[in-house]
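Build the full structure now, drawing on both the sequences and the hints.
Okay, here's what each chain looks like letter by letter:
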Amino acid sequence: MKQSILYTLLLLISGNLLAQTSITGTVRDGKGEALTGANIYLEGTYDGTSSNLKGAFLLESSESGEQTLCIEFIGFKKFSKEIKLDGSSIELAIIELQEEFNELTAVSITAGTFEAGDKKKSIVLSSIDMVTTDGSSGDVYGALQALPGTTTVGESGKLFVKGGDSRESKTYIDGTLVYVPYSSSSPNTSVRGRFSPFMFSGMMFSTGAYSAEYGQALSSVLSLKTNAMPVQDQLNISLLSVGAELGGTKTWDNSSITASISYNNLTPYMKLVPQYTQWEREPESLAGDMSFRLKTGKSGMLKFYGSINRSSLTTIEQSLNQPGRTFNYKLVNDNQFINASWIGEIREDLILTTAFSFTNNQDRISIDSIKLNESLRGTHSKVSLKHRISDRVRLLTGTEWYARTYGQELPHAEFLEHNSYTNHTLTGFLEAELYASSRFITRLGARLEYSEYLNKANLAPRISTAYKFNDKSQISLAYGWFFQDPDNEFLLHSSNLDYERADHYTFNYMMTGNKRMLRTEVYFKQYRNLVKYGISDDQNYSYINNQGDGYAYGLDFFWRDRKSIKNGEYWISYSYIESIRDYLDYPYETVHNYTSKHNLTLVYKHWFDRLRSRIDVNYSVASPRYYNNPNNNTFNGEKTMAYKSLNVNWSYLLKQHVIIYATISNLLGSEQQYGNKYASIPDEEGFYRSAPIMPGAKRWFLIGCFITLSKNKEINQLDKIN
Amino acid sequence: MKRTTLLLATLLIAIIAMGQNEKYYQKMGETLGKFASTSSVEDFQELANQFGVISRVETEEWLPHYYEAHCYILMGFTGQLEAAVQDSYLDKASASIEKMMKIAPDEAEVYVIKAFYHTGYLVVDPPGRAMSTTPLINAAISRALTIEPNNPRALFLAISNEMGTASYFGSDTAPICEKAVRLLESWDDYKLKSPIHPNWGKNETEGIVNSCGQ
Numbered sequence: 022m023k024q025s026i027l028y029t030l031l032l033l034i035s036g037n038l039l040a041q042t043s044i045t046g047t048v049r050d051g052k053g054e055a056l057t058g059a060n061i062y063l064e065g066t067y068d069g070t071s072s073n074l075k076g077a078f079l080l081e082s083s084e085s086g087e088q089t090l091c092i093e094f095i096g097f098k099k100f101s102k103e104i105k106l107d108g109s110s111i112e113l114a115i116i117e118l119q120e121e122f123n124e125l126t127a128v129s130i131t132a133g134t135f136e137a138g139d140k141k142k143s144i145v146l147s148s149i150d151m152v153t154t155d156g157s158s159g160d161v162y163g164a165l166q167a168l169p170g171t172t173t174v175g176e177s178g179k180l181f182v183k184g185g186d187s188r189e190s191k192t193y194i195d196g197t198l199v200y201v202p203y204s205s206s207s208p209n210t211s212v213r214g215r216f217s218p219f220m221f222s223g224m225m226f227s228t229g230a231y232s233a234e235y236g237q238a239l240s241s242v243l244s245l246k247t248n249a250m251p252v253q254d255q256l257n258i259s260l261l262s263v264g265a266e267l268g269g270t271k272t273w274d275n276s277s278i279t280a281s282i283s284y285n286n287l288t289p290y291m292k293l294v295p296q297y298t299q300w301e302r303e304p305e306s307l308a309g310d311m312s313f314r315l316k317t318g319k320s321g322m323l324k325f326y327g328s329i330n331r332s333s334l335t336t337i338e339q340s341l342n343q344p345g346r347t348f349n350y351k352l353v354n355d356n357q358f359i360n361a362s363w364i365g366e367i368r369e370d371l372i373l374t375t376a377f378s379f380t381n382n383q384d385r386i387s388i389d390s391i392k393l394n395e396s397l398r399g400t401h402s403k404v405s406l407k408h409r410i411s412d413r414v415r416l417l418t419g420t421e422w423y424a425r426t427y428g429q430e431l432p433h434a435e436f437l438e439h440n441s442y443t444n445h446t447l448t449g450f451l452e453a454e455l456y457a458s459s460r461f462i463t464r465l466g467a468r469l470e471y472s473e474y475l476n477k478a479n480l481a482p483r484i485s486t487a488y489k490f491n492d493k494s495q496i497s498l499a500y501g502w503f504f505q506d507p508d509n510e511f512l513l514h515s516s517n518l519d520y521e522r523a524d525h526y527t528f529n530y531m532m533t534g535n536k537r538m539l540r541t542e543v544y545f546k547q548y549r550n551l552v553k554y555g556i557s558d559d560q561n562y563s564y565i566n567n568q569g570d571g572y573a574y575g576l577d578f579f580w581r582d583r584k585s586i587k588n589g590e591y592w593i594s595y596s597y598i599e600s601i602r603d604y605l606d607y608p609y610e611t612v613h614n615y616t617s618k619h620n621l622t623l624v625y626k627h628w629f630d631r632l633r634s635r636i637d638v639n640y641s642v643a644s645p646r647y648y649n650n651p652n653n654n655t656f657n658g659e660k661t662m663a664y665k666s667l668n669v670n671w672s673y674l675l676k677q678h679v680i681i682y683a684t685i686s687n688l689l690g691s692e693q694q695y696g697n698k699y700a701s702i703p704d705e706e707g708f709y710r711s712a713p714i715m716p717g718a719k720r721w722f723l724i725g726c727f728i729t730l731s732k733n734k735e736i737n738q739l740d741k742i743n
Numbered sequence: 331m332k333r334t335t336l337l338l339a340t341l342l343i344a345i346i347a348m349g350q351n352e353k354y355y356q357k358m359g360e361t362l363g364k365f366a367s368t369s370s371v372e373d374f375q376e377l378a379n380q381f382g383v384i385s386r387v388e389t390e391e392w393l394p395h396y397y398e399a400h401c402y403i404l405m406g407f408t409g410q411l412e413a414a415v416q417d418s419y420l421d422k423a424s425a426s427i428e429k430m431m432k433i434a435p436d437e438a439e440v441y442v443i444k445a446f447y448h449t450g451y452l453v454v455d456p457p458g459r460a461m462s463t464t465p466l467i468n469a470a471i472s473r474a475l476t477i478e479p480n481n482p483r484a485l486f487l488a489i490s491n492e493m494g495t496a497s498y499f500g501s502d503t504a505p506i507c508e509k510a511v512r513l514l515e516s517w518d519d520y521k522l523k524s525p526i527h528p529n530w531g532k533n534e535t536e537g538i539v540n541s542c543g544q
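So the protein lines, in turn, are chains A and B. One gets this note's numbering by counting positions in the first sequence from 1 and adding 21 to each. One gets this note's numbering by counting positions in the second sequence from 1 and adding 330 to each.
The set of hints was computed from the structure by calculation and includes no laboratory data. Keep in mind the model is a prediction, meaning the values are calculated, not measured. Just so you know, not all the hints are guaranteed correct.
[As the list claims (entries may be wrong)] Dumping the calculated EDC-like pairs for lysine to aspartate or glutamate here, alpha-carbon to alpha-carbon at most 20 Å:
#	chain 1	residue 1	chain 2	residue 2
1	B	K357	A	E81
2	A	K98	A	E117
3	A	K536	B	D455
4	B	K432	A	E84
5	B	K353	A	D274
6	B	K432	A	E366
7	A	K75	B	D421
8	A	K99	B	D421
9	A	K98	B	D421
10	B	K357	A	E64
11	A	K319	B	E428
12	B	K432	A	E369
13	A	K676	B	E492
14	B	K429	A	E366
15	B	K353	A	E81
16	A	K75	B	E388
17	A	K587	B	D455
18	B	K353	A	E64
19	A	K99	A	E136
20	B	K429	A	E84
21	A	K584	B	E412
22	A	K587	B	E412
23	B	K532	B	D502
24	A	K489	B	D502
25	B	K353	B	E390
26	A	K584	B	D455
27	A	K351	A	E305
28	A	K316	B	E428
29	B	K429	A	E93
30	B	K429	A	E369
31	A	K493	B	E412
32	B	K357	A	E84
33	A	K319	B	D436
34	B	K523	B	E352
35	A	K676	B	D421
36	B	K432	B	E478
37	A	K553	A	E590
38	A	K99	A	D412
39	A	K351	A	D412
40	A	K536	B	E478
Here it is in structure tokens:
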């Protein structure tokens with residue numbers, strides 16, 4: 022017995038002295054090209070080698086018996102094969118590695134879509150572009166207006182996409198709807214987005230043919246992803262020529278809190294810089310927000326964001342109905358917003374997202390002594406599940422509940438007449454992404470919605486596909502139906518309405534590589550069931566119905582070059598849009614007033630290393646839009662003047678933590694006029710008096726200073742350590 | 331009889347275990363020996379492969395992952411490559427770092443290499459990535475220094491970043507140079523836990539000190 026154990030021991034030790042087996046082979050990719058640097062090894066042993074320039078390898082091993090030979094290489098699937106080692110050499114046939122499926126480099130659906138982020142190949146903008154691209158001082162929507170498919174409508178500031186009006190574009194943050202994404206302002210003045218671009222690390226801006234996950238938008242969806250967990254404690258101070266902001270971040274191992282408070286007042290600025298608008302009280306706002314992050318379990322992340330904002334302004338307006346008379350237009354806006362979400366893996370292949378948003382928005386308007394109130398309170402709750410069935414098949418399914426109450430208080434005789442409606446919408450969506458290979462993807466989806474107020478359901482099919490020719494170029498096609506509730510204004514007066522509908526057909530060709538990108542797109546949109554109405558003698562709506570329709574088609578062109586100019590880059594964005602509608606109170610099918618046929622934007626960015634400065638120049642030109650002149654027999658028969666604006670931003674890194682920023686819009690002082698506004702009643706001669714609609718001032722200036730104080734305790738204490 | 335068997339079995343296990351351990355040190359030593367003479371992407375790939383082979387056998391050791399990550403980061407630093415290729419190397423480094431964090435979450439060197447990885451990621455596209463990545467680099471260095479306040483590599487990265495910032499802003503580098511000199515003087519006081527533990531940075535610190543003299 023003893024002997025046998027000793028014998029075994031000896032055998033085990035001497036096992037190392039057994040003869041070597043040599044294994045030879047060649048590694049290639051699917052096209053027969055040699056793969057250099059592949060890792061070839063016997064599983065569980067120290068025996069390994071790499072393939073040479075010809076893809077050939079020689080692996081020597083003193084192991085014996087059944088072993089597993091593995092081959093690994095970046096971008097390819099792991100190859101393994103059982104082999105038997107017995108001292109005689111083994112020659113393997115040519116081994117072809119299968120390309121690994123990689124979401125970041127695989128084909129992706131680009132029809133209608135612009136993505137911003139840091140990594141993915143199909144991205145159009147980087148995160149920093151969202152902050153620096155535009156002349157209106159860090160407005161998310163301003164930056165998007167430098168992309169093709171959008172029209173700049175100066176008297177609105179909102180997003181107008183591919184012939185759609187601003188109501189047809191919806192904004193989502195971390196998956197849930199933002200009912201009121203824009204600030205409030207007096208009529209015919211430009212508004213801004215409510216959220217700072219610094220809050221977001223990713224963006225998906227779809228100008229059509231978006232996923233079945235998104236509904237209630239006929240034209241476009243902007244989906245913003247908030248920042249991940251901050252990693253350091255810091256204090257931010259922003260001093261602007263129009264206000265100040267103070268913010269702070271505190272981090273712990275698994276959680277963080279960020280809070281900020283800001284106050285803006287345009288009085289000093291507008292006293293200094295001549296304005297066209299007459300102000301009784303210049304715009305003023307006070308805002309506070311708070312966000313919270315908590316890591317839960319292995320992969321879960323809870324995010325919470327809440328904000329409170331109050332803004333007010335009073336302008337002096339000239340009455341068009343009674344010449345020589347002026348009146349005060351006063352607006353007080355209160356907005357509260359909450360967004361909360363939890364995302365986590367419940368199994369390795371299963372991601373659950375639950376999200377909730379709440380919006381409460383109130384506009385209190387006084388026109389001299391007449392008061393009008395408008396209020397909207399809405400929630401959006403959403404649960405969705407992403408199932409990765411395999412590398413090639415993903416399923417997305419979810420359900421949502423939208424609830425909103427919209428109300429108006431209008432003067433009626435001696436008291437305010439309150440009028441409101443409440444709608445609940447339940448939805449469900451299901452979508453499958455199928456990769457036939459890493460070059461060909463098809464996305465099939467459908468979305469079902471039921472509105473309790475309309476007492477109607479809709480089913481929207483969506484299909485899109487993309488094919489990649491090679492590493493550089495790909496095409497993408499998309500088709501889908503999109504539904505949206507009629508505007509609040511009409512729903513307030515009638516529940517006997519149907520969903521408005523748009524069908525999108527999109528064809529996209531994209532070429533990327535070598536820091537250059539070309540993106541072209543042609544599309545066609547068919548609108549139906551748009552709301553139409555007439556005006557009765559007492560100035561009320563009469564016969565509101567869904568008999569409106571229209572169409573839009575056009576071409577988008579986008580070229581971005583980050584290669585040709587050292588420390589500089591430029592992009593060219595052009596879109597051609599043809600859009601015709603018969604809706605609202607239009608007497609017949611005709612052009613509408615928020616689309617320019619030709620839109621061109623040139624963007625140039627340059628980094629001056631020695632001056633530690635970054636200059637962003639943005640030049641936009643848009644052809645005239647149409648507007649209606651009631652004195653003219655042709656509806657929407659007048660043309661505005663072409664829009665031209667040259668905007669320049671300058672950012673200067675004074676110290677590592679101090680940035681000085683200056684921006685000027687319409688540097689050249691090009692004349693800007695957005696058509697005319699008209700009296701609602703004609704004068705004695707039957708003529709409607711008019712006044713031009715202009716921006717608030719010829720130019721807009723902003724100077725700011727951003728200070729970040731971070732508390733890197735350990736690093737700052739370096740002096741004490743040594 | 332039973333006791334003898336047990337004894338022998340224990341001995342056997344001990345011998346095998348020691349043999350394994352020796353083999354691990356020997357393999358690591360051999361592979362590390364090639365580090366100094368490696369410069370091309372292809373050579374680093376081969377080296378990374380070898381560390382990969384070791385890391386797959388020694389599932390409880392963080393050092394093979396450390397060096398595998400180090401190789402891929404250096405590959406990512408190589409210019410003239412498409413950003414997507416650089417990113418693919420850095421992704422490999424990131425995967426190794428993730429594994430290492432699970433094995434040795436309280437090891438300062440793990441955060442040093444993490445800071446180095448983030449630096450590599452930033453270098454691929456500084457204008458696009460600086461804003462989001464700089465805090466990550468600082469946080470990793472801070473973490474390393476919290477665990478081990480005298481870790482020379484963490485100190486080197488901190489000084490090197492500080493130096494970069496100071497020369498960029500044209501501010502006085504003298505106090506930073508002083509720190510670099512002190513770091514270099516005390517460099518050898520830091521006791522390595524084993525001959526195969528990370529031991530780089532002295533040359534680079536010397537580089538800073540030399541540039542200070544000019």
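Do the hints match the structure? See the list:
1. B:K357 - A:E81: holds (15 Å)
2. A:K98 - A:E117: holds (10 Å)
3. A:K536 - B:D455: holds (11 Å)
4. B:K432 - A:E84: Outside the cut-off at roughly 31 Å; violated.
5. B:K353 - A:D274: Violated, at about 38 Å.
6. B:K432 - A:E366: The given pair, whose Cα atoms are some 18 Å apart, holds under the 20 Å limit.
7. A:K75 - B:D421: violated (26 Å)
8. A:K99 - B:D421: Cα-Cα ~16 Å, so holds.
9. A:K98 - B:D421: Roughly 15 Å between the alpha carbons, so the hint for A:K98 and B:D421 holds.
10. B:K357 - A:E64: This hinted pair holds, its Cα atoms lying about 16 Å apart.
11. A:K319 - B:E428: Given that 20 Å is the threshold and the Cα spacing comes to 13 Å, the pair holds.
12. B:K432 - A:E369: holds (17 Å)
13. A:K676 - B:E492: holds (12 Å)
14. B:K429 - A:E366: holds (19 Å)
15. B:K353 - A:E81: holds (16 Å)
16. A:K75 - B:E388: Roughly 30 Å separates the two Cα atoms, so the pair is violated.
17. A:K587 - B:D455: holds (13 Å)
18. B:K353 - A:E64: holds (16 Å)
19. A:K99 - A:E136: Status violated; Cα separation ~31 Å.
20. B:K429 - A:E84: violated (28 Å)
21. A:K584 - B:E412: holds (12 Å)
22. A:K587 - B:E412: Holds, because 16 Å separates the two Cα atoms, which is no more than 20 Å.
23. B:K532 - B:D502: violated (23 Å)
24. A:K489 - B:D502: Since the Cα atoms of A:K489 and B:D502 sit roughly 53 Å apart, the hinted pair is violated (cutoff 20 Å).
25. B:K353 - B:E390: Answer holds: B:K353 to B:E390 is near 15 Å, not above 20 Å.
26. A:K584 - B:D455: Measuring from Cα to Cα gives roughly 12 Å; hence the hint holds.
27. A:K351 - A:E305: holds (12 Å)
28. A:K316 - B:E428: holds (17 Å)
29. B:K429 - A:E93: holds (18 Å)
30. B:K429 - A:E369: Cα-Cα ~17 Å, so holds.
31. A:K493 - B:E412: holds (12 Å)
32. B:K357 - A:E84: holds (16 Å)
33. A:K319 - B:D436: This hinted pair holds, its Cα atoms lying about 18 Å apart.
34. B:K523 - B:E352: holds (16 Å)
35. A:K676 - B:D421: The given pair, whose Cα atoms are some 32 Å apart, is violated under the 20 Å limit.
36. B:K432 - B:E478: holds (18 Å)
37. A:K553 - A:E590: violated (46 Å)
38. A:K99 - A:D412: holds (14 Å)
39. A:K351 - A:D412: Violated, at roughly 57 Å.
40. A:K536 - B:E478: Roughly 41 Å separates the two Cα atoms, so the pair is violated.
The earlier numbered hints that this structure contradicts are 4, 5, 7, 16, 19, 20, 23, 24, 35, 37, 39, 40.
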